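Residue numbers (the working numbering), protein chains in the order written: chain U, 1 to 74; chain A, 75 to 323.
Think of the hints as simulated: they come from the structure by calculation, not from any bench.
Computed from a predicted model, the values in this text were never measured in an experiment.
Cβ coordinates follow ideal geometry from the N, Cα and C atoms, glycine included.
One or more hints might be untrue.
[To be verified] Label pairs and their in silico Cβ distance ranges:
| id | chain 1 | residue 1 | chain 2 | residue 2 | range |
| --- | --- | --- | --- | --- | --- |
| 1 | U | Glu6 | A | Arg176 | 22 to 30 Å |
| 2 | A | Asp84 | U | Lys74 | 49 to 57 Å |
| 3 | A | Leu322 | U | Ser72 | 40 to 48 Å |
| 4 | A | Thr309 | U | Asp31 | 44 to 52 Å |
| 5 | U | Lys25 | A | Glu274 | 14 to 22 Å |
| 6 | U | Thr2 | A | Asp147 | 46 to 54 Å |
| 7 | A | Glu274 | U | Ile35 | 36 to 44 Å |
| 8 | U | Trp32 | A | Glu181 | 22 to 30 Å |
| 9 | U | Ser72 | A | Ser250 | 54 to 62 Å |
[Said to hold, decoys possible] Using 20 Å as the maximum straight-line C-alpha spacing, the simulated SDA-like pairs for lysine to any residue come out as follows:
| id | chain 1 | residue 1 | chain 2 | residue 2 |
| --- | --- | --- | --- | --- |
| 10 | U | Lys73 | A | Ser272 |
| 11 | A | Lys177 | U | Gly49 |
| 12 | A | Lys177 | U | Tyr48 |
| 13 | A | Lys178 | U | Tyr48 |
| 14 | A | Lys178 | U | Thr62 |
| 15 | A | Lys178 | U | Lys69 |
| 16 | A | Lys178 | U | Ser60 |
| 17 | U | Lys69 | A | Ser272 |
| 18 | A | Lys178 | U | Glu47 |
| 19 | U | Lys7 | A | Gln172 |
| 20 | A | Lys177 | U | Lys69 |
| 21 | U | Lys73 | U | Ser60 |
| 22 | U | Lys7 | A | Thr175 |
| 23 | A | Lys177 | U | Ser60 |
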Amino acid sequence: MTEFIEKFAEIFDDVDPSSLSADTKFRDLDDWDSIAGLSVIAMADEEYGVTLNADDMRSSQTLGDLYAKIQSKK
Amino acid sequence: MMQSPFSLTDKTILVTGASSGIGRATAIECSRLGAHLVLTGRNVGRLEETLSMLAGDGHVVIAADLTVEEDIDALVEALQPVDGLVLCSGMGMMTPVQFSTRKKLMEVFDTNFLYPVELMRRMLKKKKVASPASIVAVASMGGTHFFTVGNGAYGASKAALDSFMKFAARELASKSIRVNTVLPAMIDTPLIHRGAVSDEDHAADALTYPLRRYGRPEEVAYAIIYLLSDASAWTTGSSLIIDGGKSLV
Chain U
1 MTEFIEKFAE IFDDVDPSSL SADTKFRDLD DWDSIAGLSV IAMADEEYGV
51 TLNADDMRSS QTLGDLYAKI QSKK
Chain A
75 MMQSPFSLTD KTILVTGASS GIGRATAIEC SRLGAHLVLT GRNVGRLEET
125 LSMLAGDGHV VIAADLTVEE DIDALVEALQ PVDGLVLCSG MGMMTPVQFS
175 TRKKLMEVFD TNFLYPVELM RRMLKKKKVA SPASIVAVAS MGGTHFFTVG
225 NGAYGASKAA LDSFMKFAAR ELASKSIRVN TVLPAMIDTP LIHRGAVSDE
275 DHAADALTYP LRRYGRPEEV AYAIIYLLSD ASAWTTGSSL IIDGGKSLV
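Just chain U, with the same shape it has in the complex:
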């Protein structure tokens, strides 16, 4: 999970991984936008070999939700 949070933070210019946790609602982040959403999908593919689709994204609220989706698809 820590590793996932670090990779998630890397998507943004100015997000400190220590400010994030499994409970963070990612859509509430100031820098969250459609590019970030596509970047999460691309990161899951690149780092975990997992294909997240639009439904996976929509049904996730927190970083923990996203991480669970990735784990379940591995």
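Following the hints, complete the assembly by docking chain A onto the known chain U.
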């Protein structure tokens, strides 16, 4: 009765990507206007399904994976010279710039640009394109006019295709082979219903078009038919926009 200049009676037309989407619709509509179709694509089952939907007779399926050298050879070898070639095969890819690795770009450029162009090249070299004839490639507004977030790899590959076809139009004009492209905006095909954009987001996006919906595959097919037919005998090197008015917004 005089034949309509839009008719395709007795023209032989090869359609790539004929197993679904715009390729399938193009094959069906061409057959209704009297053409003999050669259907190609990777999936034999779905090509046979397209075949069963065609009007008239004299149609054939030649399955080929354009990424496989021997498949292209066998396809080109099996062909009689065609009066029309429609390059519909393609793939979508949504990937932000920072994740558009060389590997991903190569995959989408191979499918959308290099393999269609290679098929055309070999057909020309082996004299499998008649004179006169018409070649139509399906490019995209997403490569030449709309620069949607995450669509760079796809768009650039389609822009390359659109550009290359203009050079082909110039070079092949002396052989009376016309070369044009169509530039669809969003068309309701299987290609857009997998992946990064939800159906709800597509529905909302469709309402931003002046004609208030996405296009239908057959609406692209009709434009392709115009470019294949003698009605467009003096049109070459053009890129026909089919976008529900979106580029006006």
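Hint check:
For U/Glu6 paired with A/Arg176, a C-beta distance near 24 Å keeps the hint of 22 to 30 Å intact. Here the CB-CB span from A/Asp84 to U/Lys74 is close to 55 Å, well matched to the stated 49 to 57 Å. Between A/Leu322 and U/Ser72 the CB atoms are about 44 Å apart, so this pair conforms to the stated range of 40 to 48 Å. Between A/Thr309 and U/Asp31 the CB atoms are about 48 Å apart, so this pair conforms to the stated range of 44 to 52 Å.
One distance hint, 14 to 22 Å for the beta-carbon pair U/Lys25 and A/Glu274, holds here, with the actual separation near 20 Å. The hinted window of 46 to 54 Å between U/Thr2 and A/Asp147 holds, with their beta carbons roughly 52 Å apart. Range check, A/Glu274 to U/Ile35: Cβ separation about 19 Å, and the 36 to 44 Å hint is violated. Distance hint for U/Trp32 and A/Glu181: a CB-CB separation of about 28 Å, consistent with the stated range 22 to 30 Å.
For the hinted restraint 54 to 62 Å between U/Ser72 and A/Ser250, the CB-CB distance of approximately 58 Å keeps it satisfied. At most 20 Å may separate the alpha-carbon atoms for a hinted pair to count; U/Lys73 and A/Ser272 meet this at roughly 19 Å. Pair hint A/Lys177 plus U/Gly49 holds up; C-alpha atoms about 14 Å apart against a cutoff of 20 Å. Distance check on the hinted pair: A/Lys177 and U/Tyr48 sit about 16 Å apart at the alpha-carbon level, within 20 Å; holds.
Straight-line distance between C-alpha atoms of A/Lys178 and U/Tyr48 comes to about 16 Å, which keeps the hinted pair within the 20 Å bound. Distance hint between A/Lys178 and U/Thr62 is unfulfilled; the C-alpha atoms sit about 28 Å from each other, more than 20 Å. Using a Cα cut-off of 20 Å, the hinted pair A/Lys178 and U/Lys69 is violated, with the two alpha carbons roughly 23 Å apart. Taken as a hint, the A/Lys178 and U/Ser60 pair is broken in the structure, with Cα atoms around 26 Å apart against an allowance of 20 Å.
Under the criterion of a C-alpha separation no larger than 20 Å, the hint pairing U/Lys69 with A/Ser272 is consistent with the structure, at around 17 Å. Using a Cα cut-off of 20 Å, the hinted pair A/Lys178 and U/Glu47 holds, with the two alpha carbons roughly 14 Å apart. Pair hint U/Lys7 plus A/Gln172 holds up; C-alpha atoms about 13 Å apart against a cutoff of 20 Å. With a C-alpha separation of about 25 Å, the suggested pairing of A/Lys177 with U/Lys69 is violated against the 20 Å cut-off.
As the CA atoms of U/Lys73 and U/Ser60 are separated by approximately 14 Å, the hinted pair is consistent with the 20 Å bound. Proximity of U/Lys7 to A/Thr175 is assessed by CA-CA distance (about 17 Å); at most 20 Å being required, the pair is judged to hold. Annotation: proposed proximity of A/Lys177 to U/Ser60 is violated, straight-line Cα distance about 29 Å (limit 20 Å).
Hints 7, 14, 15, 16, 20, 23, counting from the list given before, are not met by this structure.
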